[in-house]
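Asks: Following the hints, complete the assembly by docking chain B onto the known chain A.
Protein chains in written order, with the numbering used here: chain A, 1 to 48; chain B, 1001 to 1237.
To be clear, the hints were calculated from the coordinates, so they are not data collected in a lab. C-beta: ideal position from N, C-alpha, C; glycine also. Careful, some of the hints might be misleading.
Footprint (simulated), chain A over chain B, 3 or more residues, beta carbon under 8 Å [what the hints assert, rightly or not]:
(1) 1106–1115
(2) 1178–1189
(3) 1222–1232
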Amino acid sequence: MAESTLGYVVASYVLTWVVILGMLVRVLGAVRQARHEYEAVVKGDFNS
Amino acid sequence: MTTDRSTFDPPKAGWWPAFGWVSFAFFAFTQVYAVVTSPADRMMGHMQKMMYVHVPAAWVTFLAFGIVLAASVLFLWKEDERHDLIAASAAEVGSVFCALTLILGMLWGRPTWGVWWSWDARLTSTLVLFLIFVGYLALRSFVEDPQRRGQWSAAVGILGAINVPIVWMSVKWWRTLHQLQSNPRSLDPVYLRGLMLNFLAFTLLMVFFIRRRYEAARYERAAEHASQAAALGGYDG
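Okay, chain A solo, but in the shape it has when bound (with noise of 0.2 Å):
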């Protein structure tokens, strides 16, 4: 039975920490990209 149960609690456990850093790179590459985009326009456009 604990072995059993182990299995679930384990992946628990690792789906949390897949979901929350997948967040973190999801989030944090969307900052960046929307950065990199909104400086393209801004010099594309001021500095030609």
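Replies: Then chain B, alone, in the frame of chain A:
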């Protein structure tokens, strides 16, 4: 709708990256602390440890959708687009945590109830909550006009957030497989400390995610505004 210059100013990261690092370090600590310090429960054995991820994930889901409610009401009242962007950021983060809550619940339900899913009131109302906010995010991607997008999504956001108290009370209002909420009086202190620390860690992470997502949304709007203004020849820096 308010479109003063500050709405389109690029945001500043400020001390938020440092806040993120501290939050992640604290989250890692609370996870290890809770697992290591909590003894096996008399009834559930080590499955009790799933409480430290499932319950805080549900808590931050409710909190994020509460932020959607507050920001949506503020947007409809003051018509400041920044409130709409906060609501959208919170809805995105809340939806991810809601999906996590549902899947963690299934992982807990299978060995406890013998089934992955049951159409009981708590599980079904949580699924409805998740689907409403998936619809919210889909709606935002379909509507291009910022004012109309803000108004429509605010209406859906408020409707969705009203479902939160129904989810919370479902275990009391209807006979369900899901147990009643634990509270500080019903929980042994040895489990309570780990749970409270994880509540705090999940909340800090949620705040960090929403703030950084909001930052990205502000950059996107600033870029749109700059390119539109440049096309009209009226951007003054």
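Asks: None of the hints should be skipped; say for each whether it holds.
Replies: Now for the hints, and whether the structure bears them out:
no. : hint      : result
1   : 1106–1115 : holds (count 4)
2   : 1178–1189 : violated (count 0)
3   : 1222–1232 : holds (count 5)
When held up to the earlier numbered hints, the structure conflicts with hint 2 and nothing else.
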